[in-house]
Amino acid sequence: MGISDVIPVPVAIDEEIEKWTIFGQPVAEVWFTTTEKIHQIIEMGPIKNIFNWGRKNSVYFLMQPMGCCGVEMFVFGAAPYDSDRFGCIPRNTPRQTDVMIISGYLTRKYLPVFKNLWEQMPEPKWCIAIGECAISGGPFYDSYNIIQNTGDYFPIDVFIPGCPPRPEQFLEGLMNLQEKIKQRKDIRDY
Amino acid sequence: MDGIIEIITKFAAQEPAIFALIIGLIGAAVISGVVNVGAMLVIWGERKVLSDFCNRFGPNRVGGRWGILQLGADAIKLFTKEDIIPGDADKGVYVWAPIVASMATMLVAAAIPFGALHIGGRNIPLVVANMDISAFYVEAALSLMAIAVFMAGYSSNNKYSILGAFRGIARMIAYEVPMGVCVISVAVMAHSLNLVEIVESQTVWYAFAQPLGFAIFVIALITDLGRIPFDQSEAEEEIISGYNTEYSGIRWGLLYFQEYNNALLGSILLVLLFLGGWHGPIIPIPILDIISPLIWLFMKVVIVLWFFIWVRSSLFRLRIDQVTDFGWKWMLPLSLLNLGWAVLIGSYFA
Amino acid sequence: MTTASEVLSSIQSAFPGAVIDSRVESDLRLWATIDSKKILDVCKHLSSKHSFDHYSGSAGVDWIARNEMEVVEIMASHGTHKVVAMLKVKTPRENPSVKSLTGLYWNASWYEREIWEMLGINFEGHPELYPLLLSDGLIGAWPWRKDFKGYPDLTTGERAVEITTPDGYTEYRFPPTPAEVEAGTVVVERPKYPTFQEREEMAITSDSEMIMHLGPQHAMVPGPFLLDVLVEGERVKKAFLDLGYIHKGIEKIMENRSWLQGITYTDRMCYVAALSNNECYCGAIENILGLEVPQRAQYIRVIVEELSRIQSHLIGTGEFLTLIAGVGFAPWQYMIMDREKIISLIESVTGARLTHSFVRFGGVRNDLPEGFAEQCKKVLPYMKSRTEEFIELFAQDPIYHARMENIGSISPETGKRMGCSGPVLRATGVAYDMRKEDPILVYPDLDFKVITGTRGDSADRIDVRLREILESIHIIEQCLDRIPSGPIKPEAKVPKKLPAGEAYYRVEDPRGEMGMYVISDGGANPYRVKVRGPFYATFQTLTPLLEGTYIADAVAIAGSMDGCPSESDR
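Going line by line, the protein sequences match chains V, G and Y. Note that the working numbering numbers the first sequence so that position 168 is 168, with each residue one more than the last. Plus 1000 on top of the position in the second sequence (first one is 1) and you've got the working numbering. Plus 2000 on top of the position in the third sequence (first one is 1) and you've got the working numbering.
The following block holds chain V by itself, in its conformation from the complex (with noise of 0.2 Å):
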């Protein structure tokens, strides 16, 4: 029990709402016409380009190492090549996180939970797909278990070849979806 449900809310509120009205029009109009020009507004000035600034220099991306690209995924984000110069750090928690790294082959009992990871991630969210097995099923193309096409379950923004990929790959594929990110026009996406 919730202390929303010992102090119960009016329920009337939302049907009180209706009623009211600004400059003779319903507020929930008003309201409406005016989020809708803000956004307009944002979307074609500088503010647009302030937006996608800070997205692009911060994408975290989902700690799940799935195969082979899994350790390097470990690698990249470590010492070595460290993912942190480009503002790029592990989350574990999808609610976190902005771009979800398909690290190797997704199997048909993993894809469910996988989903469910992807829908939990708040937007706007991306998706990169790394190495051979996650872009097309790669040397297990005729196995009995793996999703063959990823790309057929989740939007995926970049590919990075490579079986596995070395890490240099890995941050030239998170620079390219960093550029994607600022070139993006419509920032509308929640």
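No incorrect hints appear here.
Mimicking PhoX-like on lysine-lysine, the simulated pairs with C-alpha atoms at most 25 Å apart in a straight line are:
hint, chain 1, residue 1, chain 2, residue 2
1, Y, Lys2341, Y, Lys2378
2, Y, Lys2044, Y, Lys2090
3, Y, Lys2497, Y, Lys2146
4, Y, Lys2237, G, Lys1159
5, V, Lys115, G, Lys1159
6, V, Lys48, V, Lys37
7, Y, Lys2090, Y, Lys2037
8, Y, Lys2238, G, Lys1159
9, Y, Lys2449, Y, Lys2378
Calculated from the structure, these hints are not laboratory results.
For this one, chain V is given, so just place chains G and Y on it according to the hints.
Below, chains G and Y without anything else, positioned relative to chain V:
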């Protein structure tokens, strides 16, 4: 200039209540600005110094080669993230937890002296609310963060979060007592609970007068701040992210930010209580001599924070039962011993 | 010293008529087909009279042409003697069923569950015959049978059709009936077993308990696997393991590839110890071919495998450190930094960081590069001093001792009974090392110690790994001094088709005993490749170890096992 001062004094005499309110508001604005900017610098410093310990570079792509704007980028990103409240969460508590956390730090900031100005041969402390029991008040208000942690963990409806919340509370109870006893020991020697008076009475730093109390206070402070080796409420490798597992976007940003706010305020408290506060030789250069107490305090705080980061990069995390064991079985008796020592020394010097 | 022929004659005299067919390959390998009714008695006899106390695993083989199935039990001893007995049990292909060895060997459980779900061989007397690796949609499809139509069918090149089952799973059906294609859905008659979630929910007895997931996505897991703990407060009361989140079906895929292509799949089985996997596969095939490896190639193999062991131990220890100290902990970053030096050495020889495919049948792919010995002489002393520093660091840290000492302790008897191997078993004090047990390559000529611990706890496991790094450095230094010049490949070309035969080959993986059982039917592809992974065996011990610990310790114990789920799932 004189005219303005005249108007202000006149106004203060006519409407003392409103004048006090205005002064308080200005003070609050200044203090929150100082604390928040300070905390941002602390986060940036932690990332850089920790990188240095780990043989890395740390952020170096935005804001020059030192990556000073990294925090700005993080903040903008978190501000524009989707705001998720889990469906089964206790929404009221969930939303209020980060706000309570910020209020807790502001409560601390109100009573803590941020330094002093050396004008006319004496130190004028910079403090918003100079209360008589400020040492005790600050120590108590620092632990309000534990309430916010519990609110966040309890309301998230997440198993990891609730475990983190319980751990946070258990740790807080075990360590708040020795910490309080240490503050009392300092007060016994200073004959006051006012932080300003405690600082002014430190002809010898209390870290030297009662080394045991100093050690206990440092350990308890690290526990209170929830830093390694006492970060069980977050323990990323055990319970994902602990109490803030379900938090995203700016709400998580606030919770994360308050931890560093607390780290800054906690280290100021440590410096004030044990390391002589703003005491230090006055720099005999015009203007610099006015702010030289501030410089000394700043340097001491930086050293303390650096020490905390050093500890983080070189110690293992303790298990929660070991933490509480250590708190009750060692820290509390030792802090009482230290209290006895403080009474002895204090009465000898008195 | 016990030899294979002695063991065989002992079985024959104790159970007349039990041995249907037998072959003594060498002093160390015994192949025997045992009457399926007598298998339990024979195993009891072997374990009590000849100290076959190490159940190394079992393999199921589908002989579709002979219309029968075979279960091969692999038995060995923990250091008493070096004989490996391969006992085969035959069963008809319709309703296949053999006797379970779980009553005799605790660790037989997972091997039998795997054979059951992959091949459909029933095990009489198995207490919990539940799915282990496969997702629910595939149970009952028996994917490792030879008549399983996968995706796509390699013989005809036709691709299977994607179909959604009523439970929401996507399946590849081959060949689907026209009605099924039209409906886009298919009702598959599959046996229903309680799911993993249902089984663990049965364990909850009171309101104060809850089940917490550590995985598949968790900071603790080195690859996805599900470790669920039933906790009351901070105390773990019971642990459950679910595998198969990265089950790739490598053993099945290798049956569809040429012999040479198989090497690339061994790389991807355990990517931090790819070279010992290469070695294991190639060694088995050399046994079938009767190939002699040139001396220089043997030395090169030993050098790269020991380098690979060093880097594997470093990253394993590094990952473990993050679990008990957080990612801000500096020494684990130092370990990864030092590992990069070793990796670049390996890379200069093999050309790859992780997946090398370097070892070839009867030799190696290429010779050592110029200046390799000089590079090694620069890096190895540095590595040695660093490792000594790490050992000292852990030996002196009081918090580390408070956290890790007597946590997750395994006694030598338990370790043997549970089928552990590698550093996990050696930490308990049992000096069991494949490099000494199975004299392969030039290991018998080299001077090295088998590192053992005393308590068998998490701290010991880490200590053993770090001290093994020093031993490996010692081995490499000897090899560099002694390496002769000469060819690195066999003179004759290795044929595309191997002669019919079978072999079981064991190497010491960084995680323990790695064995591969390879069957050739005279074709261009392997008929069956069975991998006995070291971590698969060690993995089983995790659940009993975690009972009664704290959550923080559960994470640390799992980390101290140096897991590689990719190799255990295959």
